[in-house]
Amino acid sequence: MKNHQTQVRVRYSETDQMGVVYHGNYVPYFEIGRVEWLRNKGISYKSMEESGIGLPIVSMQINYKKSARYDELLTIHTTFKSQSSVKIEFDCAIYNEANELLTTAVFILVFISLKTGRPTAPPDYILELFKTLE
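First residue of the sequence shown? That's 28 in my numbering, and the numbers climb one at a time after it.
By construction, these hints were calculated from the structure, which means they are not laboratory data. Certain hints may be false.
Heads up, simulated DSBU-like pairs for lysine-lysine below, C-alpha to C-alpha not over 35 angstroms straight-line [said to hold, decoys possible]:
#1 K158 - K92
#2 K108 - K142
#3 K29 - K108
#4 K73 - K142
#5 K29 - K93
#6 K73 - K108
#7 K108 - K92
#8 K73 - K114
#9 K29 - K114
#10 K68 - K114
#11 K29 - K158
#12 K108 - K68
#13 K68 - K92
#14 K93 - K108
#15 K29 - K142
#16 K114 - K92
#17 K114 - K93
#18 K68 - K158
#19 K73 - K29
#20 K158 - K142
#21 K114 - K158
#22 K73 - K93
#23 K73 - K92
#24 K68 - K142
#25 K92 - K29
#26 K108 - K158
#27 K142 - K114
#28 K93 - K68
#29 K73 - K158
#30 K29 - K68
Whenever a hint applies, use it, and build me the whole structure from the sequences.
Listed below in structure tokens is the structure:
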């Protein structure tokens, strides 16, 4: 339950003239993975924001191992790593169709109040989710 996988196909606009994915496009791929991880657990990011809670990235570390290419079907692995009072941490990886590891990443996000912009405790329904992941 700590893990989730989702897939995305590399679009032409995400690549350079050689058909290689531009390095900045991996961040949105990982975002897709995190949003789908939440959705898979019954949490809508949109609903969370509508209730006044945001979840911005405060730290990310990305390691590029091998290039993704145009039209490849990528599998994004998202794994819940830990949670503290206001932070949540994910380990992530992207694999190609040949199951070759392309990129790894670690993301730390902080729950914030959208009204104040300040860190806040996660909502109760997310705290309940965290308990099931222990």
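Against the structure, the hints come out as follows:
1. Between K158 and K92 the alpha-carbon distance is near 34 angstroms, which keeps this suggested pair within the 35 angstroms criterion.
2. Restraint check for K108 and K142: satisfied, since their Cα atoms lie roughly 28 angstroms apart, inside the 35 angstroms limit.
3. At most 35 angstroms may separate the alpha-carbon atoms for a hinted pair to count; K29 and K108 meet this at roughly 8 angstroms.
4. Proximity of K73 to K142 is assessed by CA-CA distance (about 16 angstroms); at most 35 angstroms being required, the pair is judged to hold.
5. Distance hint between K29 and K93 is fulfilled; the C-alpha atoms sit about 26 angstroms from each other, no more than 35 angstroms.
6. The hinted pair formed by K73 and K108 meets the criterion: a straight-line CA distance of about 23 angstroms does not exceed 35 angstroms.
7. For the suggested pair K108 and K92, the alpha carbons sit about 21 angstroms apart, so the restraint of at most 35 angstroms is met.
8. With a CA separation close to 19 angstroms, the supplied pair K73 and K114 stays within the 35 angstroms bound.
9. The suggested pairing of K29 with K114 holds, with an alpha-carbon distance near 16 angstroms, which does not exceed 35 angstroms.
10. As the CA atoms of K68 and K114 are separated by approximately 18 angstroms, the hinted pair is consistent with the 35 angstroms bound.
11. Using a Cα cut-off of 35 angstroms, the hinted pair K29 and K158 holds, with the two alpha carbons roughly 11 angstroms apart.
12. Restraint check for K108 and K68: the C-alpha separation of about 15 angstroms stays at or below 35 angstroms, so the hint holds.
13. Our distance criterion of 35 angstroms between C-alpha atoms is met by K68 and K92, whose separation comes to about 29 angstroms.
14. Distance restraint check for K93 and K108: the Cα-Cα separation of roughly 24 angstroms lies within the 35 angstroms cut-off, and the hinted pair is therefore satisfied.
15. With a C-alpha separation of about 30 angstroms, the suggested pair K29 and K142 falls inside the 35 angstroms cut-off, and the hint holds.
16. Between K114 and K92 the CA atoms are separated by roughly 27 angstroms; this keeps the pair inside 35 angstroms, and the hint holds.
17. Distance restraint check for K114 and K93: the Cα-Cα separation of roughly 30 angstroms lies within the 35 angstroms cut-off, and the hinted pair is therefore satisfied.
18. Taking the CA atoms of K68 and K158, the gap is about 13 angstroms. The hint holds against a cut of 35 angstroms.
19. Pair hint K73 plus K29 holds up; C-alpha atoms about 21 angstroms apart against a cutoff of 35 angstroms.
20. The suggested pairing of K158 with K142 holds, with an alpha-carbon distance near 27 angstroms, which does not exceed 35 angstroms.
21. Restraint check: the Cα-Cα separation between K114 and K158 comes to about 15 angstroms, which is no more than 35 angstroms; the hinted pair holds.
22. A C-alpha spacing of about 33 angstroms is found between K73 and K93, which places the hinted pair at or below 35 angstroms, so the restraint holds.
23. As the CA atoms of K73 and K92 are separated by approximately 32 angstroms, the hinted pair is consistent with the 35 angstroms bound.
24. Distance check on the hinted pair: K68 and K142 sit about 25 angstroms apart at the alpha-carbon level, within 35 angstroms; holds.
25. The straight-line distance between the Cα atoms of K92 and K29 is roughly 24 angstroms, inside the 35 angstroms bound, and the hint therefore holds.
26. Between K108 and K158 the alpha-carbon distance is near 13 angstroms, which keeps this suggested pair within the 35 angstroms criterion.
27. Between the alpha carbons of K142 and K114 the distance comes to roughly 18 angstroms, so the proposed pair stays at or under 35 angstroms and holds.
28. A hinted pair counts as satisfied when its Cα atoms are at most 35 angstroms apart, and K93 with K68 qualifies at roughly 30 angstroms.
29. Restraint check for K73 and K158: the C-alpha separation of about 22 angstroms stays at or below 35 angstroms, so the hint holds.
30. Straight-line distance between C-alpha atoms of K29 and K68 comes to about 10 angstroms, which keeps the hinted pair within the 35 angstroms bound.
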